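Below, each chain spelled out in residue letters.
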Amino acid sequence: MRSLVLLLAATAWGADPASLLRDRCLKCHGGEKVSAGFDLTKAGSPRVMAKVESGEMPLGGPRLGPEELAAVRAWVEDGAKPLVAAPRKQFWAFRPVVKPAVPQVAGAKTAIDAFLLVKLQAQGLGFAPRADERTLLRRLSFDLAGLPPAESLPYEKAVEAYLASPRYGERWGRHWLDVVRFGETDGGEHNFERALAWPYRDYVIESLNADKPYPQFLREQIAGDLLAPQNPKMVRATGFLTAGPWDSVSAELNKDVAMKATARMDELDDMVTTTMHTFQAMTANCARCHDHKFDPIPTRDYYKLTAVFQTVGFGTREVVTPEAKAAYEKATAPLRAHLKDVEHKIADAEDPVRAAYLRKAIRAFHEGRKGEARRIPVNPVFNVNRIREAGELRLVITGHDGPVAKLDWLTVGGRRVEKWQAERKATPDEPVYLSLGVVAAPGEMAWACDEQWARKPGGITVYRVEAKRGAEWAEVASSLDHVRSVEVSLPVAPDPGLVPELKRERDRLKAEIAKIPAPERIYAAMPHAPDQAYVLERGSIGKKAEAVEPGALSVLPAAFAADKDRRLALADWMTDAANPLAARVIVNRVWYFHFGNGLVNTPSDFGLMGDRPSHPELLDWLAASFVENGWSLKWLHRQILMTQAYQQSAAHNEKAFAADAGNRLLWHMPLKRMDAETLRDSMLAAAGTLDLAMGGPSFRLHRMESGGSYIFKAVANPGPETWRRSVYRFNVRGGDRLMLDNFDCPDPSVATPQRSSSNTALQALTLLNDDFVWEQAQKLAARAGSVGRAYELVLGRAATARELDLGGKYAADHSLALFCRVLLNTNEFLYIP
Amino acid sequence: MTRRDLLWNAGGGAAGLALAQLLQGKGTHFPAKAKRLIMIFLPGGFSSVDTYDYKPELVKHHGKETQGANTITPFFGKRGTVMQSPWKFAQHGQSGKYVSELLPHLATCVDDTTFVHSMVTRSNAHGPALFQMSTGFIFQGFPSVGSWISYGLGSENENLPSFVVLPDRRGLPPCGVANWGNGFLPAVHQGVAFGNQEQPIANLRPPAAVNAKAQAASYDLLSQLNEEHAGANPGEDALVSRIRAYELAAKMQLAAPEVTDISGETAATRKAYGLDDAEMRDYGYNCLLARRLMERGVRVIQMYNGGHFGAPRVNWDAHEDLITNHGKNARILDQPTAALLQDLKQRGMLDDTLVVFTTEFGRLPISEGLGEGGRDHNPEGFTSWMVGPGLKRGFSYGSTDEMGYKAAENPVTLYDFHATILHLMGLDHTRLSWYHNGLQRRLTDVHGHVIKPLFA
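So the protein lines, in turn, are chains A and B. Following our numbering, the numbering of the first sequence begins with 1 at its first residue and continues without gaps. Following our numbering, the numbering of the second sequence begins with 1001 at its first residue and continues without gaps.
Watch out, some of these pointers could steer you wrong.
Stated by the list, open to error - Derived lysine-lysine pairs resembling DSS-like cross-links, with alpha carbons at most 30 angstroms apart: (1) A:Lys713 to B:Lys1251; (2) A:Lys255 to B:Lys1060; (3) A:Lys425 to B:Lys1406; (4) B:Lys1406 to A:Lys260; (5) A:Lys293 to B:Lys1026; (6) B:Lys1271 to B:Lys1345; (7) A:Lys425 to B:Lys1060; (8) A:Lys809 to B:Lys1213; (9) B:Lys1088 to A:Lys425; (10) B:Lys1088 to A:Lys713; (11) B:Lys1406 to A:Lys255; (12) A:Lys293 to B:Lys1452; (13) B:Lys1078 to A:Lys255; (14) B:Lys1078 to B:Lys1026; (15) B:Lys1064 to A:Lys255; (16) B:Lys1078 to A:Lys425.
These are calculated hints, taken from the structure and not from any lab test. No experiment lies behind these values; they were computed from the predicted model shown.
Let the hints inform the model, and build the full structure from the sequences given.
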């Protein structure tokens, strides 16, 4: 197609040398861009002749043919006059959205169908026949809920029911989380967990279920913390900005100043990249080192965008007013004190040896230190610090005996560290850090480095405890203020018989405390003091050029309000009426997930390197109508679901296939392999084991293995607490590859606007042999009780007589559970009609 | 359909690609020198000034403050004094290559080896540097070298993965499986980590309750049901591909235990690989397994010598005590690696196998802190080597300055290094690409020059 255009143009050049030079030379040498300081719109030059004759120019393009060379020669002989650049037609993505008239097409049921049929009919094609009701219902259910249908409803009623169901937000929220690279560990070397990143996931699900107008959804994710800093729901939304990977080692540990500054630029780059990909389908990140090679995005625009995100850091923030915080502390104090006491009793009763040991040790310690000043030296056997703050804590060791610091044990907030030793020597300048995890309530930290009084070298002598407050670590205790032993309550003689009752009391107290609403802590955008932004030459931190203020892409006429907060200004700019991208991008995403084919098949790239819309008028009609209808996503789904295009069958059509193998024209609705989460959730649903509890902390299929850095291994035998919808799974970066990963569930290290749908032997091994599948197959067999019922539960249809016979024989020879395992492996189950 | 459509249909994966197509790969761009690759990776930072990069100046200046070229801020910020290598260097082979006494067995291989002494990488932190060596990018989530080659060349066998990873038994390397991820390439190109001998690949064996007869019957019934379903849905290639995938799985179930069972290897071979030595045994087994996998047509093997940063440290990150750390690790590394090279040579496999030996960065020629015995990270000059067809053997390329701080002559970026590996495998690094989020992504980003002076 493109070579054809070139050919036609080449013929035209023969007549007009100026036009030839315009087309072949001005892209690089014409005012907008001036390569090698050579601008043909300012001055022509006879040197052009030598350059094109030698083939040196046009750079990267085909050489000029004899006729073309003659034309250039004529231009030179005519005095090589400066050229006037022809006004360039604006690239499609930047043109304003203009709502086109709906074409009149016989047989078109909806406006969308009319646009599609025009193109199909031009090829002598049409839609496939309507699919049968069972197929349609199954398609709809997997598409909107990500689960097999639970009941039989007429199609139109089913559309409304599925859109109203909370399952909708879970299913489409998962799509969104792919696009925004939502992960719950930092990634990289340390790969720390983000135990409180899940509130963003819940925000997405709730927002979609509530059908929040899209501009509001966008605005809250970019600047929710500014719209309502005390409203946890709004702060949760900004988890979007910090959902990506974060290199804590380069940001916090690295002593090389330039490397550290580069790491900060990488953080900003991640936010710019994801924001512009997600909402604008613009690859602004390509302009970090040089002007965008293909799209009209100068480096300056890129650095203006980095300035927008200068106010964002990474970390966990508490969303509460000081008054509310104090009130909470006051309300829970007696309960927490009581709880601690009960927990101590339980611990003592359950481990009497340790309790007795501690009693003895404390007494000895106390006797030995009688009369000393309050500031007592650290004791190798037993030390206690009062920690007056909850949250993420770490131990910072700056001094110790022996080559490396060691701990025999340490407990804080119910967490226990056993037998730890540092990797290297700690010094005041080079402390060694030990993460103490997230501690739920203020309390005590008790620890010992030489439990046996063995005088082992390595005892910790100087340390502090730090709590994470926002992006900063603040000291909350240290070796200078550890508590005198007399202040520590001595464990009482334990009575194991009391344990059950104590545990009931503990649970009651915990429930009591849980009833009092606690300030919410969220991994989301942290306030960050903005630095002045600069254009960096070649992206290098050492080469600061001009200073820039916050701003956005200069190619669009939308307004960026300099007097507003920078992130709010960006949100306004993206949804401004003069910015056509936000609406086009989201309607295309929705279309893509429904059909498996986008109108633009690069949903996060509407630039020159991206796809061209297959149906530009339809895209604009959808974008304009979407805006007219209050930017309602559910409205948009409804329009799509009611089309003939969506309701047609998968029927194969040789003629259509020959004309359009990729199905861009939508001549049928091809089978789609279930994505990883749908597959797992549907197995649970068929087995009757699916737990539909919504929201809250993520369940884990990976466990953390600590050793200086974290490695995430598969949890052995995950139990029923993990039988929840997969969207609630703890999303690890770089974890062991498990069933979901084998089925193309992406690692959230990079954004995934489109998943692969691969077909591998490892998938076969997983579905056949994985313990999870086998366990669910057994549950399914117990639930179904017969081959016939198993067909209904798994495939949503009655078995044929032949299938009953075949399956019955197999089940009799082996077992119904093994038959169920086979059913869960069938293509009919795996492929959505 | 335009070329662009084809690309996106492949990338977007709207329809499952035919499995056969995936297995075939895209093919070489020009005749390949090597058809298999093994990358031996030493995570943590393997010191070149203590092994292959002989620096007599360090002896002369031992204990002195550094001056001149050194503007590096060590990762932990602690400047020390010049530290000579605790190991003595001597010349070896026809090429007279200097190698330290730390690697006596590998020293016997120098005449087959092509050294690059001027490697530079972009980060002084393990994570980004590991990612860059493994994937070309300092960020997580890009396809690994092995995934790119699997995508480019496809598989050479029908019953094993095309890209196998052999992690050190002492633990996964830092950043774990992200070092061999397929990134945005289809999952068929992921590195498959071989675990224990019993179950080398996850889910290779059926659950304990399922006996062999039932398993075979399951395959039969499934294939029957799937054939019927595919027959009722003509034109859907993916359905047929999946039937093939199950056939492959069944073959893999047989092939994987066969390859990991080394009982047929001779006593001499086992001894050569160090299998009778408690320390070397695990790594030696991996070296031997690597050869067996390559014999059976595995395209790429990424093998680790070293794990993550636990305590005690089980990789090459010698911040505190170089002598103990490198001494212990080198003992594990040296004999089995040399045995692998010799074994490959003896079997004629070096004629079409490329062996690459590398780390994420080297170590500084100064001590880490005054009077200490460790070395901090050095991303600005370190050594890697290759052995394989089409390379000048017994040859050294590039150099660091006289102290070993920075690459001096012919610096080689990782882009160059990767471009050269691809070139030897018959792939043009500028053409091996995949559309992702607005760019035709490459292993070498927008950089890289093939280092032609390495070629014979």
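Hints versus structure:
no.: 1; hint: A:Lys713 to B:Lys1251; in the structure: 27 angstroms, holds
no.: 2; hint: A:Lys255 to B:Lys1060; in the structure: 29 angstroms, holds
no.: 3; hint: A:Lys425 to B:Lys1406; in the structure: 27 angstroms, holds
no.: 4; hint: B:Lys1406 to A:Lys260; in the structure: 21 angstroms, holds
no.: 5; hint: A:Lys293 to B:Lys1026; in the structure: 27 angstroms, holds
no.: 6; hint: B:Lys1271 to B:Lys1345; in the structure: 17 angstroms, holds
no.: 7; hint: A:Lys425 to B:Lys1060; in the structure: 28 angstroms, holds
no.: 8; hint: A:Lys809 to B:Lys1213; in the structure: 15 angstroms, holds
no.: 9; hint: B:Lys1088 to A:Lys425; in the structure: 28 angstroms, holds
no.: 10; hint: B:Lys1088 to A:Lys713; in the structure: 41 angstroms, violated
no.: 11; hint: B:Lys1406 to A:Lys255; in the structure: 19 angstroms, holds
no.: 12; hint: A:Lys293 to B:Lys1452; in the structure: 29 angstroms, holds
no.: 13; hint: B:Lys1078 to A:Lys255; in the structure: 9 angstroms, holds
no.: 14; hint: B:Lys1078 to B:Lys1026; in the structure: 49 angstroms, violated
no.: 15; hint: B:Lys1064 to A:Lys255; in the structure: 23 angstroms, holds
no.: 16; hint: B:Lys1078 to A:Lys425; in the structure: 12 angstroms, holds
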